[in-house]
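Here are the chains, one letter per residue:
Protein chains: 2
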Amino acid sequence: MDNLDKELLETIADLHGIPEGSFNIRKNGQLLARNSTADIEIVPKTDKDGIDIIVKAGVTNRSVHIPVLLTVGDFHDTVYNDFYIGEGADVTIVAGCGIHNDSACASEHDGIHTFYLSENSKVRYVEKHYASGNGEGKKVFDPVTYIFLKEGAEFVMESTQLGGVTYTDRKTVATVGKKARLVVKEKLLTDGEEVAKTSFRVLLKGRESSADIVSRSVAKGNSSQFFKSDMVGKNACFGHVECDGILLGGARIVSTPKIDAVSPEASLVHEAAVGKIAGEQLLKLMSLGLSEQEAEDMIIQGFLN
Amino acid sequence: MDNLDKELLETIADLHGIPEGSFNIRKNGQLLARNSTADIEIVPKTDKDGIDIIVKAGVTNRSVHIPVLLTVGDFHDTVYNDFYIGEGADVTIVAGCGIHNDSACASEHDGIHTFYLSENSKVRYVEKHYASGNGEGKKVFDPVTYIFLKEGAEFVMESTQLGGVTYTDRKTVATVGKKARLVVKEKLLTDGEEVAKTSFRVLLKGRESSADIVSRSVAKGNSSQFFKSDMVGKNACFGHVECDGILLGGARIVSTPKIDAVSPEASLVHEAAVGKIAGEQLLKLMSLGLSEQEAEDMIIQGFLN
Chain A
1 MDNLDKELLE TIADLHGIPE GSFNIRKNGQ LLARNSTADI EIVPKTDKDG
51 IDIIVKAGVT NRSVHIPVLL TVGDFHDTVY NDFYIGEGAD VTIVAGCGIH
101 NDSACASEHD GIHTFYLSEN SKVRYVEKHY ASGNGEGKKV FDPVTYIFLK
151 EGAEFVMEST QLGGVTYTDR KTVATVGKKA RLVVKEKLLT DGEEVAKTSF
201 RVLLKGRESS ADIVSRSVAK GNSSQFFKSD MVGKNACFGH VECDGILLGG
251 ARIVSTPKID AVSPEASLVH EAAVGKIAGE QLLKLMSLGL SEQEAEDMII
301 QGFLN
Chain B
1 MDNLDKELLE TIADLHGIPE GSFNIRKNGQ LLARNSTADI EIVPKTDKDG
51 IDIIVKAGVT NRSVHIPVLL TVGDFHDTVY NDFYIGEGAD VTIVAGCGIH
101 NDSACASEHD GIHTFYLSEN SKVRYVEKHY ASGNGEGKKV FDPVTYIFLK
151 EGAEFVMEST QLGGVTYTDR KTVATVGKKA RLVVKEKLLT DGEEVAKTSF
201 RVLLKGRESS ADIVSRSVAK GNSSQFFKSD MVGKNACFGH VECDGILLGG
251 ARIVSTPKID AVSPEASLVH EAAVGKIAGE QLLKLMSLGL SEQEAEDMII
301 QGFLN
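Taken in order, these protein sequences are the chains called A and B.
In this text, residue positions in the first sequence follow the UniProt record's numbering: the first is 1, and each later residue adds one.
In this text, residue positions in the second sequence follow the UniProt record's numbering: the first is 1, and each later residue adds one.
These are calculated hints, taken from the structure and not from any lab test.
Being a predicted model, the structure only gives us computed values, none of them experimental.
Among these hints, one or two may not hold up.
No copy labels: a pair is met if it fits in one copy or bridges any two.
[What the hints assert, rightly or not] DSS-like, lysine-lysine: derived pairs with alpha carbons at most 27 Å apart:
1) Lys197 - Lys228
2) Lys171 - Lys228
3) Lys276 - Lys150
4) Lys220 - Lys205
5) Lys228 - Lys150
6) Lys276 - Lys205
So that you can see chain A by itself, here it is in the shape it has in the complex (with noise of 0.2 Å):
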């Protein structure tokens, strides 16, 4: 690893080198390296790239790191990932991707992932997105996340993309059984020309199951953002869709959350606001002696956060 790979390590994953414990850290499409351990088994895919992630019954206080970095531009890397939880286990999974793309040409990743959670585990999974560079060379993510919670399950999912991604769309797809739950922390800033699309589908399938999506998003420069969801309640159930945006500069963000309650047991609730920083807020903060540009940065700091 160079000093580049460490920077992105650091930046999409919170690592400062080789973690400890199930990790599998994936470069330009190969594998840079691999640690498997009994309660957390790595097992790579022989038909296409990718690996399965087993995390054994009971497995708590464990966490895997699978980062992926792209450093070289004319390259598209799609990968496969499918996790399998075990009943009762309870996990942390870290799992961004950082592209650095001095090129002239696009670099992309797409993670196509899958997770399987048995009866009442549970799962972190964060995932940040990063992009940096200084050619023309575009900078893309597609990621793609199926979730499968059956009873008692609790998936919290912590998406994070704070830079440099040229264009990225993101669709997470979910079906929450029995007293499961999903939790989705959405944070996102565009900024220059840069698109971003981001849809979930949730499928509220189980009696008493819930969900809880809140995007918090940052559009500046001439970027701009489409968020769209589709919360099907089939039972009685509980979801909530939370999509609120600040707008700078020439931006643009498009909201559409569609709710569908099927079952007359079905709650939903969705909300949204989308508008530019309240001039009483920067008068505050200006009125302590900030610049405009620190306010400014100040609120948006403090809204992502």
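Since the structure of chain A is provided, determine the placement of chain B on it from the hints.
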């Protein structure tokens, strides 16, 4: 007018007989009665079914009634009404439609209404749809409302559908100019196998334009409702969309509000909540001596009023 006509008129337009001032009463595709005044002129169209309603500039505290009655089956009535509201005028327009269909064939009324509001004019537009009858014949309304608001104009639309309508597909399209304001209060109650679709497309085009759309609906039996809105902010503007629905029996409500902040000066908000009546609310009323049915009815009435 027979007793049935009078009953329908009262239900849809709060009229106990022929109104004062300007009016146009249409029954089964024919003119029943009309009166034009100097302030509000009603001119029949020559190229198609419908009338032009011309409100002179500066006319205030006046109302015009244009109810429509349909008392036969196997009849599809389409009518094109255009409203020209002069500068500074402030009027109330009452335009309900009542269908009574005892036959086995469909009865349908489609009012295609276009409103042109001059600078600083105001319109309160009241539209009630109601249907009755014991036949198998469907009772259908597919109204389309176009609204063009010039600088400083205000349009308040109160649309109500409280029973008996087999199918409705309502479309409302508005372009809101500088400092102009659109307010919509929609109330919808469906039961049995009824289907109601309602969609809004609002373009907040002018600086300091605003729109406030509140839809409250109750779906009983096996009925289904589809609410859609698309609000586009093209300037410094404020838009709010709210959609609250109560589900009973085997009913279904789908809500898809879209907000599109094309301008970074736009501030757009939407909120929606769909679910059944809260158990505590029912219990509270029942503890006061009401039956479950009475408590439910009281909550629905309160919600829709």
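Going down the list of hints, with the structure as the test:
1. Lys197 - Lys228: Both: 8 Å inside a chain and 21 Å across chains, each within 27 Å.
2. Lys171 - Lys228: For Lys171 and Lys228, both the intra-copy (10 Å) and inter-copy (22 Å) Cα distances are at most 27 Å.
3. Lys276 - Lys150: The answer is between: 25 Å across copies meets 27 Å, while 41 Å in one copy does not.
4. Lys220 - Lys205: Close across copies (22 Å), not inside one copy (38 Å); limit 27 Å.
5. Lys228 - Lys150: within (25 Å within a copy, 32 Å between copies)
6. Lys276 - Lys205: between (37 Å within a copy, 17 Å between copies)
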